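Q: Take a look at the letters that make up each chain.
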Amino acid sequence: MKRFLFPLAIFVVVVGFLGIGLTLNPREVPSPLVGKPAPDFVLPQLHEPQQIVSLQNLRGTVWLLNFWASWCGGCKEEHPVLMQLAKTGEVPIYGMDYKDRRNEGIAWLQRWGNPYSVIAVDESGRVGINYGVYGVPETYVIDKAGVIRYKQIGPLDESILDKKIMPLVRELQQQ
Amino acid sequence: MRRWLLALLLIPCLVSAEEAKPLAENPQAEARLKTLALELRCLVCQNQTLADSTAPLAEDLRREVREMIAKNMSDQEILDFLVQRYGDFVLYRPPLKATTTFLWLGPFLLLVVGGVTLAVALRRRAKTMPDPALSDEDHRAVAHLLSVGTKRS
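Protein sequence lines, in the order shown, are assigned to chains A and B. The letter at position 63 of the first sequence is residue 63 when you use this note's numbering, and the numbering goes up by one with no holes. Each number in this note's numbering corresponds to the 1-based position in the second sequence with 175 added.
The hints are simulated quantities; they were obtained by calculation from the structure and are not laboratory data. Quick caveat, the model's predicted, so the values are computed rather than measured. Built from N, CA and C at the ideal position, the CB exists for glycine as well. Be a bit skeptical, because a hint or two may be false.
BS3-like cross-link-like pairs, simulated, lysine-lysine; straight-line CA separation at most 27 Å [as the list claims (entries may be wrong)]:
no. : chain 1 : residue 1 : chain 2 : residue 2
1   : A       : Lys-151   : A       : Lys-76
2   : A       : Lys-87    : A       : Lys-2
3   : B       : Lys-272   : A       : Lys-151
4   : A       : Lys-2     : B       : Lys-302
5   : A       : Lys-144   : A       : Lys-36
6   : A       : Lys-36    : A       : Lys-151
7   : A       : Lys-36    : B       : Lys-272
8   : A       : Lys-164   : A       : Lys-151
9   : A       : Lys-164   : A       : Lys-76
10  : A       : Lys-36    : B       : Lys-246
Across the chosen pairs, the derived CB separations fall in these ranges [claimed, not checked]:
no. : chain 1 : residue 1 : chain 2 : residue 2 : range
11  : B       : Asp-227   : A       : Ile-20    : 27 to 35 Å
12  : B       : Lys-302   : A       : Met-1     : 14 to 22 Å
13  : A       : Gly-113   : B       : Leu-285   : 31 to 39 Å
14  : B       : Arg-268   : A       : Phe-11    : 25 to 33 Å
15  : B       : Leu-266   : A       : Arg-170   : 55 to 63 Å
16  : A       : Arg-101   : B       : Ala-206   : 28 to 36 Å
17  : A       : Pro-37    : B       : Arg-238   : 20 to 28 Å
18  : B       : Leu-286   : A       : Asp-162   : 22 to 30 Å
19  : A       : Ala-107   : B       : Gly-281   : 46 to 54 Å
20  : A       : Val-12    : B       : Gly-281   : 18 to 26 Å
21  : A       : Pro-80    : B       : Gln-203   : 48 to 56 Å
22  : A       : Met-83    : B       : Arg-268   : 20 to 28 Å
23  : B       : Leu-286   : A       : Gln-84    : 48 to 56 Å
Next comes chain A alone, as it looks inside the complex:
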């Protein structure tokens, strides 16, 4: 009987590790950009292409940068959460229309509503690469000094917003 104890112990340890592995999300790759300055960009706006969006006018405000696209299913999923947040007016949400067609992006917002203060268009996806985006939607919390403080990979939901993002935003706004 005793000689089975050792294999059993190994089995339990392996099952333990595999069990922990099941609870992890392999899609969530920690971003090396958290704690680093948000990469600068100069991009045209979605509704008025001759207008430019740049980070320079955002110094001194805490803001969210949300990468989305009309072709993206997860964006539809998180959209009501963004709409709700926009209604409170607590923090400006900047939209980044990522690798999308301009007319389709505009039509999408017309259909579902526009939670964004300003929307930039990243047609080639280059700004996305600078931000380490690999799957929309992704949301960044950027502080008054222009430093990325948090990155959300995948759709936002109310619990992430209430437990992580909004407490962080409020704390950063106090600074």
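Fit chain B to the supplied structure of chain A, relying on the hints for placement.
A: Using the frame of chain A, we list chain B on its own:
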């Protein structure tokens, strides 16, 4: 009529097959892109290299790498560019540092543990095996059997 049909059938002979042209004008740059892309992970389909993947992001990243090659950046500079944005995860061969020690040394550790366990188990078994004590009778029987064996052959 028949002659015309024959002529019609011969038309395809005018077309000849050619070697497929490489996508880029510069085959050397393309070869460098290939070797680099084999070292890089596609972040969308995480078990594919950047060279294999057809995901839009992989296409964008290949374009980015191609441009960096055109700018004469070194391989290390190109890898650094991607690691700065996507982290070590983008590399198929992550560097050896504090957080990856177990990843690199773990297999050797397991090998040592397995080897020691095997050695201990073998030694223990050797101890528990009874010494075969043979009597004179047994020796005689063996000698007899062997001699019978040689006669037969």
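Q: Next step is simple, just say for each hint if it's right about the structure.
A: Results for each hint:
Pair hint A/Lys-151 plus A/Lys-76 holds up; C-alpha atoms about 19 Å apart against a cutoff of 27 Å. Between A/Lys-87 and A/Lys-2 the alpha-carbon distance is near 65 Å, which puts this suggested pair outside the 27 Å criterion. Distance hint between B/Lys-272 and A/Lys-151 is fulfilled; the C-alpha atoms sit about 24 Å from each other, no more than 27 Å. Between A/Lys-2 and B/Lys-302 the CA atoms are separated by roughly 18 Å; this keeps the pair inside 27 Å, and the hint holds.
Using a Cα cut-off of 27 Å, the hinted pair A/Lys-144 and A/Lys-36 holds, with the two alpha carbons roughly 13 Å apart. In summary, the hint linking A/Lys-36 to A/Lys-151 is supported, as the alpha carbons are separated by about 12 Å, within the 27 Å threshold. Taking the CA atoms of A/Lys-36 and B/Lys-272, the gap is about 21 Å. The hint holds against a cut of 27 Å. Pair hint A/Lys-164 plus A/Lys-151 holds up; C-alpha atoms about 10 Å apart against a cutoff of 27 Å.
Between the alpha carbons of A/Lys-164 and A/Lys-76 the distance comes to roughly 21 Å, so the proposed pair stays at or under 27 Å and holds. Our distance criterion of 27 Å between C-alpha atoms is met by A/Lys-36 and B/Lys-246, whose separation comes to about 26 Å. At roughly 29 Å, the beta carbons of B/Asp-227 and A/Ile-20 sit within the given window of 27 to 35 Å. Between B/Lys-302 and A/Met-1, the C-beta spacing of about 21 Å keeps the proposed range 14 to 22 Å intact.
Between A/Gly-113 and B/Leu-285 the beta carbon distance is about 55 Å. The supplied range of 31 to 39 Å is therefore violated. The given range of 25 to 33 Å is respected by B/Arg-268 and A/Phe-11, whose C-beta atoms sit roughly 31 Å from each other. B/Leu-266 and A/Arg-170 have their C-beta atoms about 37 Å apart, which leaves the hinted 55 to 63 Å range violated. In this structure, A/Arg-101 and B/Ala-206 meet the distance hint of 28 to 36 Å, their C-beta atoms being roughly 34 Å apart.
Hint check: A/Pro-37 to B/Arg-238, Cβ distance near 25 Å, so the stated range 20 to 28 Å holds. Checked against the hint of 22 to 30 Å, the pair B/Leu-286 and A/Asp-162 fails, with Cβ atoms roughly 48 Å apart. Against the hinted window of 46 to 54 Å, the Cβ-Cβ separation of A/Ala-107 and B/Gly-281 comes to about 52 Å, which satisfies the hint. Distance hint check for A/Val-12 and B/Gly-281: the Cβ-Cβ separation is about 19 Å, which falls inside the suggested range of 18 to 26 Å.
Between A/Pro-80 and B/Gln-203, the C-beta spacing of about 51 Å keeps the proposed range 48 to 56 Å intact. Checked against the given bound of 20 to 28 Å, the beta carbons of A/Met-83 and B/Arg-268, roughly 44 Å apart, lie outside it. Look at B/Leu-286 against A/Gln-84: about 55 Å separates their beta carbons, and that is inside 48 to 56 Å.
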